[in-house]
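Peer 1: Residue numbers (the working numbering), protein chains in the order written: chain A, 21 to 206; chain B, 24 to 365.
Source of the hints: derived by calculation from the structure; they are not laboratory data. Ideal Cβ placement from N, Cα and C applies to all residues, glycine included. Heads up, a few of these hints could be off.
To be verified - Some but not every residue of chain A turned toward chain B, in silico, with C-beta under 7 Å:
#, residue
1, LEU36
2, MET39
3, ALA40
4, THR42
5, ALA50
6, ILE51
7, THR52
8, VAL111
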Amino acid sequence: MTIKDIVKKVFLVEILQGMALTLKMMFSRAITRQYPEEKRAPFPGFRGLHALVRNQDGTARCVGCGLCSAVCPSKCIYVYTSEGADHTKVVDRYEIEVLRCVYCALCVEACPFGAVVLTEHYEYSDYSREAFYMNKEKLLSNWDRFMAGKKGEEYFKRFWRPLSSDFGSPEDQPVLRGKDKGRGIQ
Amino acid sequence: MDIIDFSSSRILFTLIVILLKVAVVIGLAMLHVAYATYFERKVIGHMQVRMGPMRVGFHGILQPIADGVKLFFKEDVLPAEADKWIFRISPVIPLFAAISSLAVVPFFEGFVVANINVGLLYIIALSSLGAYGIAMAGWSSNSKYSFLGGLRSSAQVISYEIAIGLSLVGVMIMSGSLNLTEIVQSQQGYWHGMFLFPQFIGYFIFLVAAFAETNRAPFDLPEAESELVAGYITEYSGMKFAFFFAAEYIGMIIMSAIAVICFWGGWTVPPIILRALPFLSVVPGIVWFMGKIYFHIFLYYWIRATLPRYRYDQLMSLGWKFLIPLALVNIVVTSIVKFFWQ
């Protein structure tokens, strides 16, 4: 043991250094956030509560193809459709069990029309499980509450663009395009 | 107050004065306990770069009152397998011992509930009496965590009260008295006005042993929450828990008070400072006394925020192999110096 070590031990140098550090930290600003008063703005593209997109004319954009339901890894999306007048497909029920969702956003990626999205809203705690069982009306009202107007458009450009628009065939390539071509995203 | 005259009006007057003093001391001590918890949470919170209680009142200033109300109305759980009477009695013992110790503490010149000549011994005796309550609580709860906590506490207090007693022997030798008021007054005979300087080894040993004696971090093994849930208070709830809690905090105040009285000159200011700045004599003694006590209580929090808990064998070897021999050396050196130079 060198003299330095002995001095260190006798005068408790390391403990005093630690105490100096804690005293210094006492006068530094707290880094914690006083949550309900001080909210943290979500980062752009944050994946929060689900919503069904409403078109300008007030109708739901969803066509009931069921791709979201098929791709969902936790199988928490239920889509029920029936045949309506003029042989069109009518979405009777569109339900998401939010408590089972893992917020992977694969449904958003899978949707060819950009009809289901994850909004930035994250404060939706409640006392019952029923409150987290989202039906079509609730999902549409989520859109109205959190993403209607300019904000939703902005988000479509940045995060919710259907991936088919990135990976589609070139226009000059002869492919089978359905009669509904152009009905989706304009 | 020392000479009791047995004419009836005198004795009544004396009694009323004593009771008033007791009420003032206990009331202030309880208020200090409440706000000691608040400042502990605040100080440790800020040392950990967070804010501590913030909800009740401005910056959480009413938190201790809310805590008190909660504890008062909380369900009083009695474990089915507990030894019921010992379980009920044991919270009272530490609180009783802690509050009784306040009786001999001189807060400022002439203000002491009982000016007895064995004040220092009385406090040391009562502080070890409190450990019985903890050991009984640990045993009567009939839970393994409580039992381990009680065992640890009794072993810890037995080892460290030797060190605490021996560390104060130096002070006793220098002042020639066990009366706390006389200890304070004897320190005024030195230019530095504090036994802290000649007795720095005694002060260091006293501080370490006081931390262990009051079961505070880094020696909080009896209630080590990471291993024993809450140690001896695991099975306690409501006011019984509050009694243990209050006893621990009054114990801290008592230990700080002894440190201030025996090493920091009590309510007095060092004569050298008083000579340099004569206007300081206007400040009442209670301000100096409480200021010094607050510093020591802050030291408790500061250490708690800095140091991790000792392992049990480290605790024992520190007490028996280091502090007690060091205290003995301190006594010998102090005696020799006293014998040859004074």
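Peer 1: Now tell me, hint by hint, if it's right for this structure.
Peer 2: So, going through the hints one by one against the coordinates:
For A/LEU36, the interface hint is violated, the least distance from its beta-carbon to any beta-carbon of chain B being 10 Å, above 7 Å. With 7 Å as the threshold, the beta carbon of A/MET39 comes within range of chain B, its nearest partner Cβ sitting at about 5 Å, so the hint holds. Taken as an interface hint, A/ALA40 does not check out: its beta carbon lies about 9 Å from the nearest beta carbon of chain B, beyond 7 Å. Annotation: A/THR42 was flagged as interfacial toward chain B, and the flag holds, the nearest CB pair being 5 Å apart, inside 7 Å.
Residue-level restraint check for A/ALA50 holds (minimum Cβ-Cβ distance to chain B is 5 Å; threshold 7 Å). Contact between A/ILE51 and chain B, as hinted, is supported at the beta carbon level, the nearest pair being about 5 Å apart and thus within 7 Å. Restraint check, A/THR52 versus chain B: the minimum CB separation of about 4 Å is within 7 Å; hint holds. With 7 Å as the threshold, the beta carbon of A/VAL111 stays out of range of chain B, its nearest partner Cβ sitting at about 46 Å, so the hint is violated.
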